[in-house]
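Given the coordinates of chain A, work out where chain B should sit on it, guided by the hints.
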Amino acid sequence: MSSETAFAEAHRARGLAPFLRSQMRNIAPFLTLIFLSAFFAFASPSFATLDNLGNILTQVSVTGIIAVGLTFVILCAEIDLSIASIANVTGIAVAYFTLQESYVNIANIPLPGAVAIILSILLCALLGLVNALGLTVIGIPSFIMTLAMMQIAAGISALLVRGQIAYKVPSLITTLGSGSIGGIPWIVIVAAIMLLGGHLVLTYTRFGRYVYMVGGNREAAEYSGLNVKLILGAVMVISAVCSGIGGMLGVAHFGSAQQNEFDTYLLDSIAAVVVGGTSLFGGRGGIGNTIVGLFVLGVLNNGLDHVNIDSFLKILIRGLILLAALVINVYAQRLREKAAE
Amino acid sequence: MTVGQQPILELQGITKSFGGVEALRGVDFALYPGEIHGLVGENGAGKSTLMKIIAGVHTEFSGRFLVDGQEMHFRSARDAHAAGIAMVHQELSVAPDLTVAENVFLGNQPTNALGLVQWRRMAREAGEQLARFGIDVDPMARLGDLPIGLQQLIEIARVLFSGARIVILDEPTSALSPPEVERLFATLRRLREEGTAIVFISHFIEDILRVSDTVTVFRNGRKVAETASAATSKGALIEAMIGRGGEVLEHSYTDDLMLPQPSDSQVVLKVDQLSLSRSLQEVSFEARAGEVLGIYGFMGCGQQELSRILFGKLKPDGGTLAVDGTRKTFASTAAARRAGVALVPESRRDMLFHQEPVYKNISISILDRISALLLKPAQERDIAKRQVDQLQIRPPVVGLDLGMLSGGNQQKVALAKWLTYPPKLLVLCEPTRGMDVGAKNDVINIVRDLRARGLAIIVLSTEPETVLSLADRILVLKRGALVREFKNEPVSKDRLLEAA
Numbered sequence: 001m002s003s004e005t006a007f008a009e010a011h012r013a014r015g016l017a018p019f020l021r022s023q024m025r026n027i028a029p030f031l032t033l034i035f036l037s038a039f040f041a042f043a044s045p046s047f048a049t050l051d052n053l054g055n056i057l058t059q060v061s062v063t064g065i066i067a068v069g070l071t072f073v074i075l076c077a078e079i080d081l082s083i084a085s086i087a088n089v090t091g092i093a094v095a096y097f098t099l100q101e102s103y104v105n106i107a108n109i110p111l112p113g114a115v116a117i118i119l120s121i122l123l124c125a126l127l128g129l130v131n132a133l134g135l136t137v138i139g140i141p142s143f144i145m146t147l148a149m150m151q152i153a154a155g156i157s158a159l160l161v162r163g164q165i166a167y168k169v170p171s172l173i174t175t176l177g178s179g180s181i182g183g184i185p186w187i188v189i190v191a192a193i194m195l196l197g198g199h200l201v202l203t204y205t206r207f208g209r210y211v212y213m214v215g216g217n218r219e220a221a222e223y224s225g226l227n228v229k230l231i232l233g234a235v236m237v238i239s240a241v242c243s244g245i246g247g248m249l250g251v252a253h254f255g256s257a258q259q260n261e262f263d264t265y266l267l268d269s270i271a272a273v274v275v276g277g278t279s280l281f282g283g284r285g286g287i288g289n290t291i292v293g294l295f296v297l298g299v300l301n302n303g304l305d306h307v308n309i310d311s312f313l314k315i316l317i318r319g320l321i322l323l324a325a326l327v328i329n330v331y332a333q334r335l336r337e338k339a340a341e
Numbered sequence: 001m002t003v004g005q006q007p008i009l010e011l012q013g014i015t016k017s018f019g020g021v022e023a024l025r026g027v028d029f030a031l032y033p034g035e036i037h038g039l040v041g042e043n044g045a046g047k048s049t050l051m052k053i054i055a056g057v058h059t060e061f062s063g064r065f066l067v068d069g070q071e072m073h074f075r076s077a078r079d080a081h082a083a084g085i086a087m088v089h090q091e092l093s094v095a096p097d098l099t100v101a102e103n104v105f106l107g108n109q110p111t112n113a114l115g116l117v118q119w120r121r122m123a124r125e126a127g128e129q130l131a132r133f134g135i136d137v138d139p140m141a142r143l144g145d146l147p148i149g150l151q152q153l154i155e156i157a158r159v160l161f162s163g164a165r166i167v168i169l170d171e172p173t174s175a176l177s178p179p180e181v182e183r184l185f186a187t188l189r190r191l192r193e194e195g196t197a198i199v200f201i202s203h204f205i206e207d208i209l210r211v212s213d214t215v216t217v218f219r220n221g222r223k224v225a226e227t228a229s230a231a232t233s234k235g236a237l238i239e240a241m242i243g244r245g246g247e248v249l250e251h252s253y254t255d256d257l258m259l260p261q262p263s264d265s266q267v268v269l270k271v272d273q274l275s276l277s278r279s280l281q282e283v284s285f286e287a288r289a290g291e292v293l294g295i296y297g298f299m300g301c302g303q304q305e306l307s308r309i310l311f312g313k314l315k316p317d318g319g320t321l322a323v324d325g326t327r328k329t330f331a332s333t334a335a336a337r338r339a340g341v342a343l344v345p346e347s348r349r350d351m352l353f354h355q356e357p358v359y360k361n362i363s364i365s366i367l368d369r370i371s372a373l374l375l376k377p378a379q380e381r382d383i384a385k386r387q388v389d390q391l392q393i394r395p396p397v398v399g400l401d402l403g404m405l406s407g408g409n410q411q412k413v414a415l416a417k418w419l420t421y422p423p424k425l426l427v428l429c430e431p432t433r434g435m436d437v438g439a440k441n442d443v444i445n446i447v448r449d450l451r452a453r454g455l456a457i458i459v460l461s462t463e464p465e466t467v468l469s470l471a472d473r474i475l476v477l478k479r480g481a482l483v484r485e486f487k488n489e490p491v492s493k494d495r496l497l498e499a500a
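Which chain is which? The protein sequence lines are A and B, in order.
Take the first sequence: its position 289, counting from 1, is numbered 289 in UniProt numbering, and each next residue is one higher.
Take the second sequence: its position 421, counting from 1, is numbered 421 in UniProt numbering, and each next residue is one higher.
For reference, chain A alone in the conformation it holds in the complex:
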């Protein structure tokens, strides 16, 4: 133990700079968040209020739930482009299995609420399993596999609602999606619990370690006798189930289930994970980073509404900030590699 402390001291003596450089991945998103918050607080008096903090939290909740699973996928150096479509189809499915008002013109199958929820979760898990099999058994790159799944899930959505809009979902989903307890929206609590759960799994379980190791060096994981395909398959299923939960609560939150409802969540979720500093090359980052990324995105989206900017310019600004985050992401990876040499 003494040698270890001696080493730690030697490490410290080597200076703060190399340490900071190796932590660039975690520091940069945090600084971005602080900078953005300070900027909007200065630019608009209505931004830095407790009420608005609540708004931001609510606004990022659905993205947050979807991003939990996506974090696992990106940590394995894979990608899931089907998250928004799977969220959409799961939200539509849970409405499809619920008795709708008579004016809703959908030939649906009303079932008890619990059954509707279970069936919907099974549906998204099944779609995740198809992603998993395509990736691991057939060997289709996840980018392409999930691109196909994006279409498939959208196709199922289209067939279920046929251009109509459904409104009713099981009461549990309605409560979790749009209710609140003690002034705190349930959807924020669900997002917080899922993010915490994801963090605990990644940090404290054997499976979480495997995810990091597979992402860090897939070849080495295989040479260590890990079942890499099983782990990759599992993260694809986890991602789909998280998306499905996000989709069900999202439908309740928006008050309707319809086609293309979640389209913006694909980019938002990927942006949240990557802006937070999780490496696209895998093995580095985690839920903590994703939370910071969610806040950066949430503050940005919300803050731009508080300042007087051309609403069409906002889209461009978001794109530029995403680009900056990606540059930092790649750059941080390089710095770290240099520090390790």
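Check the hints yourself; a few may be wrong.
Claimed, not checked - Some chain A residues flagged as far from chain B (calculated, every beta-carbon gap over 12 Å):
no., residue
1, Thr49
2, Val228
3, Gly288
Claimed, not checked - Computed list of chain B residues with no C-beta within reach of chain A, every gap over 12 Å:
no., residue
4, Gln5
5, Thr59
6, Ser162
7, Ala231
8, Ser332
As the list claims (entries may be wrong) - Below, simulated EDC-like cross-link-like pairs (lysine to aspartate or glutamate); rule was C-alpha separation at most 20 Å, straight line:
no., chain 1, residue 1, chain 2, residue 2
9, B, Lys376, B, Asp350
10, B, Lys424, B, Asp272
11, A, Lys229, B, Asp350
12, B, Lys313, A, Asp263
13, B, Lys487, B, Asp136
14, B, Lys234, B, Asp494
15, A, Lys229, B, Asp449
16, B, Lys315, A, Asp51
It should be emphasised that the hints constitute simulated quantities derived from the structure, not laboratory data.
All C-beta atoms, glycine included, are put in the ideal place defined by N, C-alpha and C.
For chain B alone, kept in the frame of chain A given last:
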């Protein structure tokens, strides 16, 4: 034959060092037009370094470098190319997704006035060139779809027909079948008639003796012999390569070493008729508990493929594996690990997580033994600490990122990950490659200790010393087939090289 002629290439007193270690010491070398010049020497003897100087890859060295009697100093491989020097490296460097014709004309496709590629002309000329080489292949076929040997021939053809006056071939025959070797030799002889100077590096001394006019032998960065091929023999060349007396830093294994009586302990691994396309041909052997089985062969002899099959990373085309008498077909490396097989590959990059701390590298293979669901970091660190102390890994800090350790210590970590719950069969590829003497001895002692604990150990190496220092029984693998078994008999480096 060459008397009175001016050398096309002449090197005088070439010295080259890498970070204080001298790789070449005052080497003189001359190459004449119309000559095939063979180079032999052990790994690290300096032959590749010299060729890389000639090909403009290494540009910092001392000594004189003359082409056609003119002193030259190349600053890049491009300069060497301009001077008419081309090299085929040992590793394939082709573009598998391009067509055969595109590969043949890589970098100088024929174009018309508009700069568009003239496909028909390119295909026709590529076909003609390859036909001269005895290769009959559709020039528009995708190169990657052809067998490896053919790909290698096409790469060689590209260089041979690039118009170079000096062609260097580094181990061109290791992936070729005997008829392909014949085709290559016929082409080399034809080019020799046309006045091309060819340098031919190979571990296969028979090949060198058959095709070359002159042979130069390197040892420890020096040229120790140069002789007409007709006036020497395989035995004499091996002796010159290894050297007797003098210059011996470590145990050189030049004298006979007595292998012990083969053990009759339990058979842990039985391999029967294992085949893999061009790499392995009906390989059969057994490995026993408490025995170190050495498998020796040149680079590309099929060792790497064999080790990957044993660990479930590659699937054989035919043949069976049995561990402890039970037949196995490993679906994954995880299945091999569960069956009690462990592999330490030759490349540490493939085996280790450089951005993760040492203890996570050591615990990764045994996590399922110490934790069902939740990790137990304290226990992981304890286990790692014990291995680090036992294997004397420096610095002894289990929380340090692996990338901060030296190569030799990383290699020990690669071993350490399998030792807490020892496997039944441990497969080690090049376990001491690139290590200093101290680290080598540490590894040798670890392996002996594991043998005493009853593991079956297979050591695969292209370095005779490694096999000789560790093995109780030695198999020689040559072009994918087992050609010789040494057991209960004297063995030496000469005998091994002779067999391979």
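Consistency of the hints with the structure:
Taking the minimum C-beta to C-beta distance to chain B, about 41 Å, the non-interface status of Thr49/A holds against the 12 Å cut. With a minimum CB-CB distance of about 8 Å to chain B, Val228/A fails to clear the 12 Å threshold, and the non-interface call is violated. Residue-level check passed: Gly288/A sits 17 Å from the nearest beta carbon of chain B, beyond 12 Å. Its beta-carbon lying about 50 Å from the closest one in chain A, Gln5/B satisfies the requirement of being farther than 12 Å from that chain.
No Cβ of chain A approaches the Cβ of Thr59/B within 12 Å, the least distance being about 24 Å, so the stated non-interface status holds. For Ser162/B, the requirement that its beta carbon stay farther than 12 Å from each beta carbon of chain A is met, with the minimum near 35 Å. A cut-off of 12 Å between C-beta atoms confirms that Ala231/B is not in contact with chain A; the least separation is 48 Å. Not every C-beta of chain A lies more than 12 Å from that of Ser332/B, the closest at about 6 Å, which undercuts listing it as non-interface.
Taken as a hint, the Lys376/B and Asp350/B pair is broken in the structure, with Cα atoms around 26 Å apart against an allowance of 20 Å. As the CA atoms of Lys424/B and Asp272/B are separated by approximately 19 Å, the hinted pair is consistent with the 20 Å bound. Distance restraint check for Lys229/A and Asp350/B: the Cα-Cα separation of roughly 17 Å lies within the 20 Å cut-off, and the hinted pair is therefore satisfied. Proposed proximity of Lys313/B and Asp263/A is contradicted: the alpha carbons are some 40 Å apart, above 20 Å.
About 45 Å separates the Cα atoms of Lys487/B and Asp136/B, which puts this hinted pair outside 20 Å; it is violated. The hinted pair formed by Lys234/B and Asp494/B meets the criterion: a straight-line CA distance of about 10 Å does not exceed 20 Å. Restraint check for Lys229/A and Asp449/B: not satisfied, since their Cα atoms lie roughly 35 Å apart, outside the 20 Å limit. Between the alpha carbons of Lys315/B and Asp51/A the distance comes to roughly 61 Å, so the proposed pair goes past 20 Å and is violated.
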